[in-house]
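Listed in order, the protein sequences are those of chains R and G. Here the first sequence stands for residues -11 to 64, numbered as in the working numbering. Here the second sequence stands for residues 35 to 371, numbered as in the working numbering.
These are computed hints drawn from the structure, not numbers from a lab. Be aware that one or more of the hints could be misleading.
[Said to hold, decoys possible] For lysine to aspartate or glutamate, the following EDC-like pairs were computed, each having C-alpha atoms within a straight-line distance of at most 16 Å:
no., chain 1, residue 1, chain 2, residue 2
1, R, 32, G, 88
2, G, 50, G, 88
3, R, 48, R, 18
4, R, 34, G, 88
5, R, 32, G, 305
6, R, 33, G, 76
7, G, 277, G, 310
8, R, 48, R, 11
9, R, 32, R, -5
10, R, 32, R, 4
11, G, 50, G, 76
12, R, 34, G, 304
13, R, 33, G, 82
14, R, 48, R, 4
15, R, 32, R, 42
16, R, 33, R, 4
17, R, 32, R, 11
18, R, 34, R, 58
It should be emphasised that the depicted structure is a prediction, and the values quoted were computed from it without experimental measurement.
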Amino acid sequence: MFDSVADVIAARFGVDRASITADSSFDDLDLDSLAQIELATAIKKKLGIEIADEEMAEMKNVGAIAARLEEIGQTL
Amino acid sequence: MTTAVIAGLGGWLPPKTVTNHDLSAVLDTSDEWIRTRTGIRERRMVSDGMSTGDLAVEAGLRALKSAGETSVDVVVVATTSAERLCPAAGPEVAARLGLGDIAAFDIASACSGFLYGLATASGFIASGVAERVLLIGAEAFTTMVNPADRTTATIFGDGAGAVVLRRGTPGEPGAVGPFDLGSDGSLSDLLAIPAGGSRQRSASAGLGHGAVPAEDWYLRMQGRPLYREAVTRMTASSRAVLKRAGWPVGDVDHFVAHQANARIVRAVAEELGLADDRVAVNIDSVGNTLSASIPLLLADLAARDGLRRGDRLLFSAFGAGLSWGSAVATWPGIHLT
């Protein structure tokens, strides 16, 4: 799941894929609060999993996003 | 069948330019932050007592000249920043334009004001209430924004755009319609100026104006939920109007969207499947001009010689209310003055 999320971030925002780690925070990746919403939209499109904007805002790093998406995916 | 046809177009911006650098000198922000977050580099602002009516008159004059008209039956001013709380800007603007004692009124629908105005004017023409309408989107909204609030002080700009609409038929170049309009009042608090209206006055009756906190006189905006609503509603409304018109999205020559934030426009364009070169953008030089944004953008396109007679236009807007609207039209091939 981490790889899928990192791929979406790299593709959507033009971030260097190699620079994205599980510890990368939104600040590290230079993603502002609108970008967080844009990311949620891109994840829904590419991975078919929906995460609320308020939840996304709470995510500490890419690892946390991946973990949360797996949780949501399992309850479907 | 009678429809409204665009017969004239004009735009006007107040001369005072405020750049991101100017704002960074007084606010905790930067040119880079403003540009990447909103797409705005600079905007115009009224000053020295210039206000909405002045902008409306300048744009109105240019639209009338462009149409080769000296009279109309109705003046409609779409604005969120009228000269005073009362009366409406319309009658004063009509008087200053020397149009006589014709019908004149305002439309208060924030950023979707111009679309609501287009639909209203089209209705007047189709029903025979009017043969010619002067519709002006005019805003001096920077006067309604807290200069110390960096989330709103950086976004808005002042200006006015106007169109003359005349009677015509659906197939003519310049014909406007169909439309899609909507609202969601349950989210009215997302974008509001709390003070000045009847709600605040009734609540603080007898306490005096000093009892109202200073910040209540300015716009309050919740940017994140608004972003999500804007993209969702503008996309759905645009899709609905294209379906009504029977236009595949590939037929749209120019997406002339309300310029609230460049990222909203791009996100909507992407959702609709519009190619980048079909998306008109001028927010970089004018900021968010609310009801004026669509006619100003259209005037900009025309001035850059970017429009061909018969070009298919998709208009879409979203804003406070919440309210939204979309419409299609074709470009009449008129000239601006």
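Any hints from earlier that this structure breaks? Give me their numbers in increasing order, please. 1, 4, 6, 7, 10, 13, 14, 16 and 17
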